[in-house]
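Visitor: This is what each chain is made of:
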Amino acid sequence: MRRNYLRGVRHGIPIGIGYFSVSFTFGILALKYGLSVFQAGLISLTNVTSAGQFAGLTVIVTGATLLEMVLTQLVINSRYALMSLALGQKLAPGTNTFCRCVIAFSNTDEIFAVAMSSPVPLTTSYMLGLSTIPILGWVSGTICGAVASSLLPANVQSALGVALYGMFIAIVVPQTESNRKLLFVTILALIFSSIFYWLPVLKDISTGLAIVICTVLAAGIGAIFFPVPESEGGSAS
Amino acid sequence: MNIYIYIAVMAGVTYLIRMLPLTLFQKNITNRFLRSFLAYVPCACLTAMTFPAILYATKSPISAIAGFAVAVLLALKKRGLVTVAFCSCLTVFLVELFLR
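Just so you know, the protein sequences line up as chains A and B, in that order.
Residues in the first sequence are numbered from 1 upward in steps of one, following the numbering used here.
Residues in the second sequence are numbered from 1001 upward in steps of one, following the numbering used here.
Treat the hints as calculated values from the structure; they're not laboratory data.
Note that beta-carbon positions come from the ideal geometry of N, C-alpha and C, so glycine has one too.
Take the hints with a grain of salt, since some may be wrong.
Said to hold, decoys possible - BS3-like mimics (lysine-lysine), calculated; alpha carbons at most 30 Å apart, straight line: (1) A:Lys32 to A:Lys203; (2) B:Lys1059 to A:Lys181; (3) B:Lys1059 to A:Lys32; (4) B:Lys1059 to B:Lys1078; (5) A:Lys203 to A:Lys90; (6) A:Lys203 to B:Lys1078; (7) B:Lys1078 to A:Lys90; (8) A:Lys181 to A:Lys203; (9) B:Lys1077 to B:Lys1059; (10) B:Lys1059 to A:Lys90.
Stated by the list, open to error - Computed from the model, here is a short list of chain B residues facing chain A with C-beta under 8 Å: (11) Val1009; (12) Pro1021; (13) Arg1035; (14) Phe1098.
So that you can see chain A by itself, here it is in the shape it has in the complex (with noise of 0.2 Å):
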């Protein structure tokens, strides 16, 4: 059991570091946008995903609805649940429902993206030693970056705007350079998100909710038009 934990957290290291990055940003935003260190570590505590937490700073900045918040969130990272559907099947039998309650929490990504390529199946020792430095990474990395922010120059803040945007490119671009259908939804999502952006009266839509519309648009076309073939696993990543 203790193996398995230490087996976990050696797995996570890599993880932690990149989150610790990609936090530190979401901090100084956070602060940006005139929320506190504490409320930004909470965030950060309590959600445990990137563009979710992005979004969601949108949807409390613009002081949108709490049903715009749901909303967000739920198309934002519908991708999760895809994600523990698959990893139910990897845990080790006998898993009960209040460790597989624990393991849902720290479901990212990232960590999925490692959990999945273990080559036993996985127990919950390995699972929460996996989620260790992660959590920690991204927790202190938000803290550290709204406790910065004031103290960073201007040039530094402005150059530290497209992180994340970075980030994304990096998961995004090589997936659809060997999937034409990805490639496609791709591009989709992303004249949607242009003429939402910059068309008049469509501008004008809250950019929380006009992410959803653009994301079940070229989503639900790509479904339709480009469904995936029965034997693949589902998921895209």
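Dock chain B against the given chain A, drawing on the hints supplied.
Guide: For chain B alone, coordinates are given in the frame of chain A:
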């Protein structure tokens, strides 16, 4: 509205999305449309979040376009997350030095 209500709703929804499938459903999704839709969601969503928002994420659209281009090029070369993000930031920083 109280910011902590927003945070609670945000965390609650995110957790339920992760927790419910893991505890309630032990079987795989069989509906092909739903599976395809879910498979396309991550890329569609990240793209909609990135573009065109990235163009306005820095002090000037020119530095942002440079950062965007560098990120796409490095991503095509399959560099890791941290490398792509860091080089994109560095590009923005350097371009803004010249813009002044």
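Visitor: Where does the structure disagree with the numbered hints, that is, which hint numbers, in rising order?
Guide: 2, 5, 6, 10, 14
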